[in-house]
Amino acid sequence: MEISESNLRSMVADVDELHREGMGDMPEQIAELHQGEGARLMGPSRAKILRGIGVGGLALAIGQAVLPFRRLLSPAYALDDAGIAAFAESVELAAVEAYKAAAASGKVTTPAVGEAAASFASQHEEHAAAFGSAAGSAATNTANPGLLTAVGAQVSGAADEAAIVKIAYDLENAAAATYIFALGALTSSAALQLTASILPVESAHAVVLGSVLGLPATDYIPGFETAAQALSPDQYPVA
Amino acid sequence: MTAHDFSHDELRRAAADTQDLHDSVMPAYGAQLDRLFDSSPTARLDEKAHAVLGGLDRRGFLKIGGLAVAGSAIVAACASDNGSSPSSLGGSTTTGGAMSGGADVMILRTASSIEELAVAVYQTAVDSGLVTTAAVGDAAKLFQSQHKEHSALFQSLTTQAGGTPFTDPNPAVLAQLQPTIDALADEMAIIQLAFDLETVAAQTYQKNVGNFTDLALNASIMTVGGVEARHAAVLAGVLSQAQAPVAFQVTDQAVAVGTGV
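Same order as they appear, the protein sequences are chains A and B. Everything in the first sequence is counted per my numbering, starting at 46 for the first residue and increasing by one. Everything in the second sequence is counted per my numbering, starting at 211 for the first residue and increasing by one.
Please keep in mind that the hints were generated in silico from the structure rather than gathered at the bench. Keep in mind the model is a prediction, meaning the values are calculated, not measured. Virtual Cβ for every residue (Gly too), placed ideally from N, Cα, C. There may be inaccurate statements among the hints.
Simulated DEER-style distance windows between Cβ atoms [said to hold, decoys possible]: (1) 167/A - 342/B: 33 to 41 Å; (2) 392/B - 198/A: 50 to 58 Å; (3) 171/A - 333/B: 37 to 45 Å; (4) 159/A - 395/B: 31 to 39 Å; (5) 145/A - 337/B: 45 to 53 Å; (6) 198/A - 393/B: 50 to 58 Å; (7) 284/A - 334/B: 47 to 55 Å; (8) 185/A - 337/B: 50 to 58 Å; (9) 178/A - 462/B: 17 to 25 Å; (10) 154/A - 311/B: 49 to 57 Å; (11) 235/A - 462/B: 17 to 25 Å; (12) 369/B - 127/A: 34 to 42 Å; (13) 282/A - 342/B: 33 to 41 Å; (14) 334/B - 150/A: 46 to 54 Å.
Residues on chain B that point at chain A, a partial pick, calculated with CB under 7 Å [to be verified]: (15) 356; (16) 378; (17) 394; (18) 432; (19) 440; (20) 443.
Please build the complete structure, drawing on both the sequences and the hints.
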């Protein structure tokens, strides 16, 4: 086997404790996602989504930024399929730029990490093109300005390679979470299928980066994907 | 939190189910993890990168080429049902209205059957005596416990959709896999089988997005589908395969709805 036992150990480190913690929350998470407020968030009716605006004051960390969950549901943002696709396009382009900034920072010194970053950036570029196509006239072909600023600042302030990888890890998880949110709001089959084909790739990126960081396995292998870290189109509007 | 509109009975049932799963998994799991978590110093980042990103530079990729038989068997199982299943989604491209609520039930029953199959296969792996790396065994148990949670979710959603949950391993896919399972000879073969199963699960859930009458289920099924993709990525790393080989996940290995259920 190519992977050492010590490395594999790091992939499942602290599983016991975290599994216990995670299992304690699991009923609430399931209920939240499928029966409660989460069901409204991801439900079939946009009116139902908007009625959820008043719920939830939970503060969610996106990298170093924090946003209130209810802002995901802002009525200020047109939650139609084209708008969601345009937002996703902007997020993907911001990810591309983030990886480019990381590569240009000189802080990535491990060749394999650099190769992974280049590969992931290329895939995000493909995602952006696909979302842009789905967005039609709503597409901006522009990296999300707010996200770019936030992540760019984080990359600039990163102390070392591990910090860069952590930023990318957070961004990938945020993208995956954003697509869980989107899947609850999109209605066209094509947009749903596109999003469902991209979400698993972001999740795989997160696994790679989380394991490189030596995070506890249950950090990057949760029991369920959630929208908890979803990026808000209100917090990060398209250009 | 504001008032919930879900049943407290449902939440209690979910909590009880989860606790049962937890109780059933944790004793042996904890013992193995106690041995595993020896607080070894964190490896250098480049060492970790070498290990987990090995697939990106294709090193060792061909070493496991001969093991990729399980996936073919599963695909064969899917193909054998594609044309005959009354619930086959075929070329449906519409959202919601074109399918009845019964179709939601069939998708969810198929999903829980796959999860139960994964649980059974991981148990077979654990019991086989072929898993010699403790961390692999621990990872298998973690994944198995998550598949149990996934099955519980799909069964709960089946009930909510008005159907009867499917609680057994998918018999059709299992029958196709049995020769491969019977021929398992070493740890790497087990990991390859697990990878193939996780890939099939991830692709199956992706393929059903857009086909639900209840649109909320599009997100629900991918809360699981994304995790199966994470499992597959971990296993791909162990197999020294690329962990994120393509920009878009495909569905060529998806199990057709209604297969075996």
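Verify the CB-CB distance for residue 154/A and residue 311/B against the hinted window 49 to 57 Å.
55 Å, holds
Go ahead and decide if the range 31 to 39 Å is satisfied by the Cβ distance of residue 159/A to residue 395/B.
38 Å, holds
Just tell me: holds or violated, for the beta carbon distance of residue 334/B and residue 150/A against 46 to 54 Å?
About 47 Å separates the Cβ atoms of residue 334/B and residue 150/A, which means 46 to 54 Å holds.
Was the hint right that residue 432/B lines chain A, CB cutoff 7 Å?
At 6 Å from the nearest chain A Cβ, residue 432/B passes the 7 Å test, so the hint holds.
Holds or violated: is there a CB of chain A closer than 7 Å to the CB of residue 356/B?
5 Å, holds
Holds or violated: is there a CB of chain A closer than 7 Å to the CB of residue 378/B?
Violated, because the Cβ-Cβ distance from residue 378/B to chain A comes to roughly 22 Å (cut-off 7 Å).
Take the shortest C-beta to C-beta distance between residue 440/B and chain A; is it under 7 Å?
The hint holds - residue 440/B has a Cβ within 7 Å of chain A, the shortest such distance being about 5 Å.
Is it true that residue 235/A and residue 462/B lie within 17 to 25 Å of each other by Cβ?
19 Å, holds
Falls inside 50 to 58 Å, the C-beta gap from residue 198/A to residue 393/B?
Roughly 55 Å apart at Cβ, these two residues keep to the hinted range, so it holds.
Can residue 443/B be said to touch chain A, with a Cβ gap under 7 Å?
4 Å, holds
Would the stated hint for residue 394/B survive a check requiring a Cβ distance to chain A of less than 7 Å?
16 Å, violated
Has the hinted range 47 to 55 Å been met by the Cβ atoms of residue 284/A and residue 334/B?
53 Å, holds
Of the hints listed earlier, those the structure fails to meet are numbers 13, 16, 17, in rising order.
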